[in-house]
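Asks: Here is what each chain is made of, one letter per residue.
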Amino acid sequence: MSLYATGNQTVGPYLHIGLNWLVTRNIAPRGVPGERVTIQGRVLDGDGVGVNDAMIEIWQANAHGRYAHPEDTQKKPLHRRFRGFGRIPTDARGAFRFTTIKPGPVPGPGATQAPHLVVSVFMRGLLKHLATRIYFPDEPANRRDPLLRLVPEARRGTLIARPKGKGTLEWNVILQGKDETVFFDF
Amino acid sequence: MKTLRGYRRYHPGTQPDYDYPPYRSTEKRHPTQPLVIAPQTLSELTGPLFGWDDVKPTDHDLTRQHKGTPIGERIIVSGRVLDENGRPVPNTLVEIWQANAAGRYPHQADQHDAPLDPNFSGAGRTLTDAEGRYRFVTIRPGEYPWRNHYNAWRPAHLHFSLFGQAFLTRMITQMYFPGDPLLTYDPMFTCIADENARQRLISTFDWETTIPEHALGYRFDIVLRGRDATPMENRK
Chain E
7 MSLYATGNQT VGPYLHIGLN WLVTRNIAPR GVPGERVTIQ GRVLDGDGVG VNDAMIEIWQ
67 ANAHGRYAHP EDTQKKPLHR RFRGFGRIPT DARGAFRFTT IKPGPVPGPG ATQAPHLVVS
127 VFMRGLLKHL ATRIYFPDEP ANRRDPLLRL VPEARRGTLI ARPKGKGTLE WNVILQGKDE
187 TVFFDF
Chain F
33 MKTLRGYRRY HPGTQPDYDY PPYRSTEKRH PTQPLVIAPQ TLSELTGPLF GWDDVKPTDH
93 DLTRQHKGTP IGERIIVSGR VLDENGRPVP NTLVEIWQAN AAGRYPHQAD QHDAPLDPNF
153 SGAGRTLTDA EGRYRFVTIR PGEYPWRNHY NAWRPAHLHF SLFGQAFLTR MITQMYFPGD
213 PLLTYDPMFT CIADENARQR LISTFDWETT IPEHALGYRF DIVLRGRDAT PMENRK
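These protein sequence lines map, in sequence, to chains E and F. At position 132 of the first sequence (counting the first as 1) the number is 138 in this note's numbering, and the numbers step up by one without a gap. At position 15 of the second sequence (counting the first as 1) the number is 47 in this note's numbering, and the numbers step up by one without a gap.
None of these hints come from the bench; they were simulated from the model. Take these hints with a grain of salt, some might be off.
As the list claims (entries may be wrong) - In silico DSSO-like cross-links for lysine-lysine, where the CA-CA straight-line distance does not exceed 27 Å:
1. F:Lys-99 to F:Lys-88
2. E:Lys-184 to F:Lys-99
3. E:Lys-108 to E:Lys-172
4. E:Lys-108 to E:Lys-170
5. E:Lys-108 to E:Lys-81
6. F:Lys-60 to E:Lys-134
Please put together the full structure from these sequences, using the hints given.
Replies: Structure representation (structure tokens):
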């Protein structure tokens, strides 16, 4: 039997009604080992205006570089209290902020992937969610990362968070324009 | 690591474009650069999994979240979550949200002059069973105006959010009702180019799940991306 996937639709302006129950701003509960980091930023539209009705979701490996998922069969430890999922709505200014631990490197096609978070972006006006990634600054593995290498050099910076004080990084979702964030099609 | 098996790409015409001028909000919110086509890696072939620790068994019934009974026509919305190979997607989280019977959302951004219902919040969630089945009890949502174009009205709909078993299978969609005259004029519905794909967003009346003297049943099956036949390393 062969079927076609159902059509995606926008979340619309009232997404919070259905999705806020699972808002997770702290992805790594206390006791989960790893280097703690806070990531903050804004979602900006084509006019540079903050998108106040967006939501991002994060999926990541633990500090050892293992995903809490049966298809990750690496012999690395799992942590019972770490799912690796975050869901964060934007505020009135289009800003978001969440805390997690820096993931370890994970296997990739051809080369190990540099530590990264995968991100889904949802909002009114997006008929299908967008997929992007957050990489970490000052990470030598970024140079060899198989996905970053696919991105034109001038645009790679949109995927790499910037240091913003102790334990805090900044990363923005810019939907249009000169600094438009790189989005992936898998 | 054992061999990873990737997911099929979406069939042409079955998915909306990001830039769709009839839906005005896409204008400033669609990417203008082409998406970067990337290989599916362990990061995308895995994804968050949820269970009954996350969801209460009663979360599927939107008519019993308050002291009183919500106003409106009680309905049963059920169906199966399948992949493109026709296999059920078991134990996956399904979230829904919707307007009340008068076409109003309890949300500060909704200024439509229609009554709120103190007995209806409009959100539910559940997990599919081993055969991919889900079931919600709710009330039929009302149509409502929006400001996309002159005299614009949204057809009655339920929003659905699904995860499947990978980051790649994440899906947000909307379910519509059969025979709704507003569908033809609705850019959310028409944004899907393929006529058959569009029709699959419309639920069907389901006599089997209709409860005598209690509630009409509507069936809505959802298909998530399915696995490719060929393991990734064998693909050119």
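Asks: Taking 27 Å as the top limit, are the C-alpha atoms of E:Lys-108 and E:Lys-81 close enough?
Replies: holds (19 Å)
Asks: Taken at face value, is the distance from the CA of F:Lys-99 to the CA of E:Lys-184 at most 27 Å?
Replies: Violated - the C-alpha atoms of F:Lys-99 and E:Lys-184 are around 53 Å apart, more than 27 Å.
Asks: Is the hinted pair F:Lys-99 and F:Lys-88 satisfied, with a Cα-Cα distance of at most 27 Å?
Replies: holds (18 Å)
Asks: Decide if the proposed pair is consistent with the structure: E:Lys-108 and E:Lys-172, CA atoms, cutoff 27 Å inclusive.
Replies: Answer holds: E:Lys-108 to E:Lys-172 is near 14 Å, not above 27 Å.
Asks: What's the verdict on E:Lys-108 and E:Lys-170, does the C-alpha distance respect the 27 Å limit or exceed it?
Replies: holds (15 Å)
Asks: Could you grab the alpha-carbon distance between F:Lys-60 and E:Lys-134 and see if it respects the 27 Å cut-off?
Replies: At roughly 15 Å apart (the allowed maximum being 27 Å), E:Lys-134 and F:Lys-60 satisfy the hint.
Hint 2 from the list above is the single one not met by this structure.
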